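Protein chains in written order, with the numbering used here: chain W, 1 to 426; chain D, 427 to 852; chain Z, 853 to 1278; chain S, 1279 to 1704.
Errors might be hidden in some of the hints.
Said to hold, decoys possible - Just a sample of chain D residues kept apart from chain W, beta carbon distances all over 10 Å, derived:
#1 A442
#2 D471
#3 E606
#4 I619
#5 E643
#6 S674
#7 W677
#8 D724
#9 P792
#10 M809
#11 D851
Claimed, not checked - In silico DMTMM-like links for lysine to aspartate or glutamate, alpha-carbon gap of 20 Å or less:
#12 K795(D) - D242(W)
#13 K31(W) - D1384(S)
#14 K1647(S) - D1094(Z)
Hints listed in this document are in silico derivations from the structure and should not be mistaken for laboratory results. None of these values were measured; they are calculated from a predicted model. Note that the Cβ used here is the ideal one computed from N, Cα and C, for glycine as well.
Number of protein chains: 4
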Amino acid sequence: MPALPLSDSRPSPAIADLFRRVRQDSVSLGKPLSDADATVQSMPDASPAKWHLAHTTWFFETMVLAPNVSDYRPFDQSFNYLFNSYYETVGERHPRPKRGMITRPDLATIFAYREHVDAAVEALLEQGAGEEISTLVELGCHHEQQHQELLLTDILHLFAQNPLRPAYKDPQPLAVGASEADPVQYKSFEGGIVEIGHDGQGFAFDSEGPRHRTLIEPFRLADRLVTNGEWMEFMADGGYRDPLLWLSAGWATILTEGWDRPFYWEERDGEHFTMTLRGAQPVDPAAPVTHVSYFEADAFATWAGRRLPSEAEWEHVAASCPMAGNFADSGHLRPRPAQNAAGAGEIRQMFGDVWEWTRSPFAPYPRFKPVEGAVGEYNGKFMCGQFVLRGGSCATPGGHIRPTYRNFFPPDARWQFSGLRLAEDA
Amino acid sequence: MPALPLSDSRPSPAIADLFRRVRQDSVSLGKPLSDADATVQSMPDASPAKWHLAHTTWFFETMVLAPNVSDYRPFDQSFNYLFNSYYETVGERHPRPKRGMITRPDLATIFAYREHVDAAVEALLEQGAGEEISTLVELGCHHEQQHQELLLTDILHLFAQNPLRPAYKDPQPLAVGASEADPVQYKSFEGGIVEIGHDGQGFAFDSEGPRHRTLIEPFRLADRLVTNGEWMEFMADGGYRDPLLWLSAGWATILTEGWDRPFYWEERDGEHFTMTLRGAQPVDPAAPVTHVSYFEADAFATWAGRRLPSEAEWEHVAASCPMAGNFADSGHLRPRPAQNAAGAGEIRQMFGDVWEWTRSPFAPYPRFKPVEGAVGEYNGKFMCGQFVLRGGSCATPGGHIRPTYRNFFPPDARWQFSGLRLAEDA
Amino acid sequence: MPALPLSDSRPSPAIADLFRRVRQDSVSLGKPLSDADATVQSMPDASPAKWHLAHTTWFFETMVLAPNVSDYRPFDQSFNYLFNSYYETVGERHPRPKRGMITRPDLATIFAYREHVDAAVEALLEQGAGEEISTLVELGCHHEQQHQELLLTDILHLFAQNPLRPAYKDPQPLAVGASEADPVQYKSFEGGIVEIGHDGQGFAFDSEGPRHRTLIEPFRLADRLVTNGEWMEFMADGGYRDPLLWLSAGWATILTEGWDRPFYWEERDGEHFTMTLRGAQPVDPAAPVTHVSYFEADAFATWAGRRLPSEAEWEHVAASCPMAGNFADSGHLRPRPAQNAAGAGEIRQMFGDVWEWTRSPFAPYPRFKPVEGAVGEYNGKFMCGQFVLRGGSCATPGGHIRPTYRNFFPPDARWQFSGLRLAEDA
Amino acid sequence: MPALPLSDSRPSPAIADLFRRVRQDSVSLGKPLSDADATVQSMPDASPAKWHLAHTTWFFETMVLAPNVSDYRPFDQSFNYLFNSYYETVGERHPRPKRGMITRPDLATIFAYREHVDAAVEALLEQGAGEEISTLVELGCHHEQQHQELLLTDILHLFAQNPLRPAYKDPQPLAVGASEADPVQYKSFEGGIVEIGHDGQGFAFDSEGPRHRTLIEPFRLADRLVTNGEWMEFMADGGYRDPLLWLSAGWATILTEGWDRPFYWEERDGEHFTMTLRGAQPVDPAAPVTHVSYFEADAFATWAGRRLPSEAEWEHVAASCPMAGNFADSGHLRPRPAQNAAGAGEIRQMFGDVWEWTRSPFAPYPRFKPVEGAVGEYNGKFMCGQFVLRGGSCATPGGHIRPTYRNFFPPDARWQFSGLRLAEDA
């Protein structure tokens, strides 16, 4: 799900650097995968890794090269049909639930496709592309970063379907720190008219703006994320069996799907394990809970006598939190216990641990207008039935996190690195 | 879907009057129905008329009589199972999609059940019931008024399934006035901090409060509803065939369901007819369009280059609109063309014509807290995946309309009297 | 499911008698029903009683009156659309799963429709109708008898959905005889070439012929039906939990549907009850088990180390069993314990107790040819995915039972009065 | 779907030869596939090639090695769970619809698994294994041959989902002979008591026996298969649009699935193409039609005024037809026009062209009894809802075809090489 930029201020050389780095990151992500790993689609909501690697390339070919390089020779004419995602304006496309049928072209061919397109884009940028092209390339890079995270969450989902629980990365567990998280503290914030939304400095997707005033009431926000240990208490207290804790649609989902724990948890001889990108690993009680749906996050908050923050509250707080150092490595791939983060007392784990469900339905900001044309077929069309998540996860590329970023998923989605932080009225 | 009152100020005699009137209104609504009409369930979202008549009675029996009348003898013990709706706290209940299987008790027995309960409630009120009981009876009356409207929309849906298109009421068409609506005018409103939500004077459901401040931007609002004639233009312009006008989920629904016109419209020899409570009738181009979903309302607004109002905008305007005289008759059962309403130039058709879709997802107001106990199992649990509608329809009982009222339905619901009014940023 | 006659030998007065009796029987069956009872459709496989009463009448109107009475005035033009069942050649029809939406016309109107058509048919017969008309009327009568049984099984299914378990007939239980059935005995039959199928003497449906030779091997047949008591042993022995007893499709059904007992059984305080046309009643261990599917009958036979008989074996034995006296009353509505039937040692309970599943898929006899025209749209089109049942049940009209009769249902059907008798190779 | 042998007469060396040849054939079939090709499952009814290659190996490991080689070391303990198919008696197994999730182990590992097991089986056979082991190995070879054909049909299905229509084999079309088939001739056969079923000489599956007498009536059988050209006539004559030609369940399938041509046909610029193992190729009018369901075969026969043969009729004729030379090459992979077969006038194309639908439901022969134990979980459990096909197809391994062979599929299955031959009553 790409989105229109709100601004374009980067000079062309910086864009070329960005392009090279982002494109290389995707290749690195694809390297541990076999041809089969990269081909299979584990559910309609997920896409094959090969598709992510090709679709992001298709974006540059279709949006940047085709209109701007007169003698550009497409790598393969059939790829426009195969790797278009949902752009109704760009013609027919392969049906989403059948993306996993495309065993050919194989992964090596997709890497060759990437090189073909990369060379053409780099040549174009070297010629000193104008502002319009730079903007599109920058958009394409951020679009690709979105797919980098999806590639990881989709591979995790695929590997979780395999009874062998294969590891995407080095299967050795990270050293687990303290087995218990610091006690949570609630920090107070005053109400009033605040400004949220992107201000146009640097890249942002269309739905992050316009920056605008909004009114918030005094509230308190937890200084850290809800942990696995706390989630076990919720489970032990019958949290998944008490309909009064749940939204009506959430309870119906519980009954239909038989949910009784976070998505990737399984019990082995009385101990909780969870599927991770490093294979099945024991659940760390001090680490943030993840792979929970909005329904579960909301029920947990009700059980705890609190609520989820609104996205305005979250962003208001986040604007004053330092991001630096939090996620130097774009691939740590596991949320870290809070005690490893900045010192207690401050608001911690805001960026790069887990996507935090907010209580805010994904809706347009005041005066939001989708842009015209193919690149405008974006976030606006998803503003129905989804909730906003904030903060970025351990699978989010480092340069892709910012306080105004609005991620969104339906309330039953669980395969993302999604967790929660509690709030309450002051 | 009943909901907790925000206040209780009415004296007991007034409550007794309200009770008698509301209970009698339901009986009147049931009278044109045969036993079979009142028994069949036409879809899982609808309920049989008999069920509406019994469930509202069950509410008084369970919430008012059982706890407060020591020697109360239930009319029939099995009715608690049969006519509970969704109150998880009040025990097991008959599955919703099987409500139409209950051919016995018959309609006459349900009327007898109503008389049995009415007599007991009236006796209780005559004794001078205290505030708590008055509050519950008032809540029960408003709850019943909600079901009165649902009874009508559900019967309309049932009769629309019958190829004979039977009429619930006198099948003669109402006289149609001018065949064209007045040109629409957009009236400007200033932005700023406004107050919305119920202030506790008189009855309201829990989700209508608390009254609170909110910030709105300057905007313009259409002075009348979108008409059938305008909808025909949308259809003729390919509105149902252009994916760029639609939310992603809306377009998926179009493809799955084959929608290409409002819910009850059908074409006969090139002319549009619509199913109504008076049978199939020609579509009146000057009357407000109705039985359209949120998806359709949103697509229409996009096509028209405008947007739906937020519920705050709507309520801010509605607070200064006169309601009097608009719906003296609680059963006119057909939205009226705008030229029959108050003079052009003012904002018209705000109350009692059609439920107006807003762009606002149904979400809790700041500091909203559901009440404890069985009567608290209400609106809060539906705050997910639904959009707010405002204003009340031609099927809404007269005393049940107020500016703060928040109705809500999923974005694909079409069987209510739902239409729209356009807005735009100023 | 009507079917073409193989012969027509009855003189017209006899046909008129048959017509009057059959038509009156249907009215009697409809009398205990309320308008609502007669309107609701409890599942797609069942039809409303009103529909059965109207459809059988539509058959006479469309097949007999319309082509043969020049000045015949249809009772209501819309009924051709409403009450056609599946005859593709007779035009559009109301979709089967929506038969329960037709609350109007009401039951009284359907009775009036019946009288209108009866008068016209009787007048036609009095004029001395020729052979073709007599044949069609006779066919219509047998068609109607099929629907009489379906009316009863469908009402039973509807009433079983009602938690109140209403009784169609006098709810007092029949006196239960001995609590144990006689021990079953297996009677030997020689193999060889035998003749089966209808020989053209008297009425039969098309699929009952042609009479033809077939080769059977020596076998033994149980002298009575499997009882409820034996079924309880099967259940107690884990019959519903051992996949090795089941056909693959049967086991899949078990897992999907959660079957663990006959269709209408429920446990109350440790005792088995079953829903009947006289309401919920204790299960009689000596009575034949009924409302079991082919899957269950086959699994039971495997568990018992035996098999179901083929239809040729069954018919070969049945041809020499007396039918007289077995079912003088066409509506006893409950299968009787075997000890009440003819003396032990003989083959008992062949006619009018329960439909007996055979191991034979419903397939055409050698040289079978469907007849041309609308009345030919019959049994032939169902010769796929169904198994043959023989013998007739306690709900089958008396004159509708004969040794050559081939009933058929899919292997998961349970709402008919279907049971079984065991066989084994000699 | 393996099945119990009826006999075991082969000496051990012959079995060892058979084993080596069959095992090598599977490897050859797998060679053209990429890791991804071999991993993806294109529909629940199909299995990945990797699964076929592993499951057939699992059979030898579990049924032959584990019970008979005391120090046998399984290649990988987890494979018992992954590659069990449906044997309830051998423990838990991976759910069938999730077979395509197993990206690891990869294809190379599966080939290594095969070598590991092959070495152990060959060592066992060299020791001079007794009759029981020889029997099991022979059974395993025939089981594997069944999966060889399925591997091809499943790969064809997978490649047909890919818009690029990749070729499994050399994409050059075979030379097409005459564009028109010889006129069909019907050859007469006398009725009477005949013997069918396997007589115990050589290998056969359990359901092929016991050999038994059956009675057939005089009939005529077409001397060749129905051709693509004849199928085009059926289509042009509205065959897919006339409900009177179809079984009721078949017509429902037509409406739901939108069938209007054989499974793999598509139109390009007015010409019919069909997907084959050599990629998309023009339809050859003289070649036998294939990839049609029983529903379509039956409707075609009705349209042609004829019928499908019974399996007894087919086998009776087949017993006197020469098989030699018909399919020396086990992988020609495309049915050949009849004029290329033995001279006109005789019954042609009986073996190795397409599987021929018969009108016979798959049912047990007289005195059929499934064998005890895990290998007995076979054909018997599928004797419900399926129809018998005879003759073998162009994808059937040469040594796997015999006159008594009973293949079976549900009436809507189309992805096998299934066609038809007509018959009529004499």
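- Which of the listed hints are broken here? 4, 5, 6, 7, 8, 9, 10, 11
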